[in-house]
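Participant: Below are the chains, spelled out letter by letter.
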Amino acid sequence: MNDVAIVGIGMHPFGRHEGVSGMEQGAIAVRAACRDAGIGWQDLQFAVGGSAAAGNPDTMVSMLGLTGLQFTNVMNGCATGGTALSTAYNTIASGLHDLGIAIGFDKHPRGAFASDRPVVPIREGDNDWYGGSGMAINPQFFAMKINRYMETHDISHRALARVAAKATRNGSMNPMAWRRNAFSEDEVLQSRMLAYPLTQYMFCSPGEGGVAMVLCRADQAHKYTNKPVYLRAAVMRSRRFGSFEVKASYLANEECVGPTVDASKAAFEQAGIGPEDVDVAQLQDTESGAEIMHMAENGFCADGEQEGMLERGETEIGGRLPVNTDGGCIANGEPIGASGLRQVHENVVQLRGDAGERQVPNDPKVAYTHVYGAPGISGVTILSR
Amino acid sequence: MEEVTLSTRGALWAWTVQGFPPKNPPYLGENDPEKFKPFGVGYVELPELKVEARLTEDEPAALKIGMEMELVVEPLFTDENGNEVVTFAFAPAPVD
Chain F
0 MNDVAIVGIG MHPFGRHEGV SGMEQGAIAV RAACRDAGIG WQDLQFAVGG
50 SAAAGNPDTM VSMLGLTGLQ FTNVMNGCAT GGTALSTAYN TIASGLHDLG
100 IAIGFDKHPR GAFASDRPVV PIREGDNDWY GGSGMAINPQ FFAMKINRYM
150 ETHDISHRAL ARVAAKATRN GSMNPMAWRR NAFSEDEVLQ SRMLAYPLTQ
200 YMFCSPGEGG VAMVLCRADQ AHKYTNKPVY LRAAVMRSRR FGSFEVKASY
250 LANEECVGPT VDASKAAFEQ AGIGPEDVDV AQLQDTESGA EIMHMAENGF
300 CADGEQEGML ERGETEIGGR LPVNTDGGCI ANGEPIGASG LRQVHENVVQ
350 LRGDAGERQV PNDPKVAYTH VYGAPGISGV TILSR
Chain P
0 MEEVTLSTRG ALWAWTVQGF PPKNPPYLGE NDPEKFKPFG VGYVELPELK
50 VEARLTEDEP AALKIGMEME LVVEPLFTDE NGNEVVTFAF APAPVD
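Protein chains in written order, with numbering that gives the first Met the number 0: chain F, 0 to 384; chain P, 0 to 95.
The reader is advised that the hints may include incorrect statements.
[Stated by the list, open to error] No more than 30 Å apart at the CA atoms, straight line, and that leaves these computed lysine-lysine pairs for DSSO-like:
1) F/K264 with F/K144
2) F/K264 with F/K226
3) P/K34 with P/K22
4) P/K36 with P/K22
5) F/K144 with P/K22
6) F/K364 with F/K222
7) P/K34 with F/K144
8) P/K36 with P/K63
9) F/K144 with P/K63
10) F/K144 with P/K36
11) P/K22 with P/K63
12) F/K364 with F/K226
Hints were generated in silico from the structure; no laboratory data involved. Quantities reported herein were computed from a predicted structural model and do not represent experimental measurements.
Same shape as in the complex, but just chain P (with noise of 0.2 Å):
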């Protein structure tokens, strides 16, 4: 088996977004029906492979199948001694 870097930029391929707050375990982020935010989630078409991400767009109307997609981390939730855990996201690429 060997380690291959991913490319940081790809077009959406699939896209949802998560309307109802994940059971915890295992979702370690908001959760709490009150402070709950959709959150978008989708596959993200690079030249090596498509990858499932999170994604930073919720708004159904703001994202589209084909739209260039670039690697970015978000917080996901502040552990018990204060640390912000983060983990990977895509999000609308700028558009040049």
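In isolation and in its complexed conformation, chain F is listed as follows (with noise of 0.2 Å):
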């Protein structure tokens, strides 16, 4: 098995855009990469690509060039950017190729996660019973899932602001992030409560944006960059019987962990580490009750320790474990395709040391990604230079 490097890395700025669409901000965030690592599109020996909205990521070769390259699609819902990269990883640890890239971009009008289908499928026939009752609303499940944890675990609603708080601070000083303004932990208690206990500013929201990575075989990354990155895992796991994910119209009473758990577990093996060794990590928050809990699915602590660790700054820039420094998904909102890259990105520009005013001090050297997406994918990357 071949180490793999990141040596080139390429943004379209997250946010909405009107007039350009979701598959021409992958093809920016591609050159953008490809200018970074010094090489041209031409020199890819292959590219994989995913989203989930705005089209068919291998047509994007006329946009780039008809070179005939190997280009895969994938997709995982919001796992999307996770996957990418982990195929991309594969393909190159596997001795296929030695140069590729991965890509992800998406571009989502308003309320476009509002509702869905239950993941147990309605018969032909049936009426549609489960979103006609009021039951088929994304945002219930995640309601659901922080409120039994804040019970179980004695964790506070002001825990939640806190969260959503230090997104919009981390996104403030972030110039590729949608939302630039920081909110006070009041103004996030007082907004809209959208699904008790979540109030309108501990959500992220659909989004856009494109991001891409050229990786390459380690040994060569010399010829790209004088700061490679080396991935030390990338990983995906699905859902197993009994654990608790969206859209589930019913659960089993056999209790299970869930994907974000078996990934992490999975990662820390295959790079060798454990969370203590990590600098800094980009956690999915799809909501803020989502970051706090897989800071404990993710091994980071233990459960009901969030509540200490936020109250002490411990997941702030400069605190113990740095947390989403680049405002997350709630600052940036959430193109499916393009978050998990997202995140590596973030990571990337930190252990290069070129985070400007959101930089980790201390010289970062351990990075570490987590992605989860519907109805139970996780994906997650750790990184090292």
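Make one complex out of these two single chains by using the hints.
Facilitator: Written as structure tokens, this is what we have:
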């Protein structure tokens, strides 16, 4: 198995961009990543692209160059970016190719994630009782999961507000973020209640953006950059029976951990390190409760410790374990195909020391990303320099 | 595949209160913002499995994990022929 390095990164700003298609945002990110690596599109041996709503990624060749390269499309809901990266990683690790690119982009209208069908399909001819009775609403799942977690592990409403305020504060220092105004904790708590206990400002919104990264065999990285970042792990896991996931009209009584826990354990094993070795982490923050639960599910703390950690500022940029240093999904919005790669992009910027006013101090060396997608998919990467 | 009749009582396992009117389609209940009333949604742990359902209670202060709930039927909407259409829901079980 070859070691794999990230040698070029590029991004189109996240947010709303009238007149620029999602695919064009992806192409702009690709050109920026190639420039960063000092290569041309024609040098790439393969591409992996993911988008939920902005078109078939392999048709990007008409924008970028008809070189005939191997181009694989992937889709795993909100975890798509993670899949694009792990697929690209596997292509090089296996020895099939030496130089390729992972791409993610999307463009979602307002309200795009509002409602859905249940995972257990409604039979042909049945009325849609699930949506009809008002249960097919994504915010409800996130609210129920965090509400139960808060009651069980003594997490306060203020903790939810702290996470959202931190997200917008970090976003205000990120020129690529959508939301650039920081909210106070009280503003977060007083915003409209969407699904108890989650208020509007605690949620991410469907949005737009594009990210690309050039990967190569680690022993060739010096050809492209003097600041290579190495992929120590890139794993994907799906749900097992008994886990609590989105769009479930029923749940088994036998409980099981979610795919996040499985992906995290597998990634730490692949990298040969533990959570205590991580200097900066980007964790899925669909809403602020998700960031809190994912801190524990990814092994960074025990259930309930998040309350104290947030009070003490341990997940701030200057804290013991900076989390979501670029503002996360809350400040950047959620273009499904791109978010997983946005997280890796931020980690590369941090490890290179190029994060400007949001730079994690003390020369971070190990960075972690975690994505979660409906209806129960998770991807984790671990990077080091 | 066999049909199993589920129990009608169980403990509240998770809950929330839907705060904004769901879109129609697919929602069939009241979604006029002027008339919308928040409604409870949760999972009730029956002996057989946990079922997701509407809850008759919509006050966060009155909902607690572990509280005993029982199956009821509640009206959802009236169709164009004037028929009341009902759905299943769970209500706090009366304390013995």
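Participant: Each of the hints needs a verdict: does it hold here or not?
Facilitator: Evaluated hints:
1. F/K264 with F/K144: Since the Cα atoms of F/K264 and F/K144 sit roughly 22 Å apart, the hinted pair holds (cutoff 30 Å).
2. F/K264 with F/K226: holds (28 Å)
3. P/K34 with P/K22: holds (14 Å)
4. P/K36 with P/K22: Holds. P/K36 to P/K22 sits at ~14 Å (cutoff 30 Å).
5. F/K144 with P/K22: Distance ~22 Å between F/K144 and P/K22 Cα, so the pair holds.
6. F/K364 with F/K222: Cα-Cα ~21 Å, so holds.
7. P/K34 with F/K144: holds (28 Å)
8. P/K36 with P/K63: holds (20 Å)
9. F/K144 with P/K63: holds (14 Å)
10. F/K144 with P/K36: Roughly 22 Å separates the two Cα atoms, so the pair holds.
11. P/K22 with P/K63: holds (28 Å)
12. F/K364 with F/K226: At roughly 12 Å apart (the allowed maximum being 30 Å), F/K226 and F/K364 satisfy the hint.
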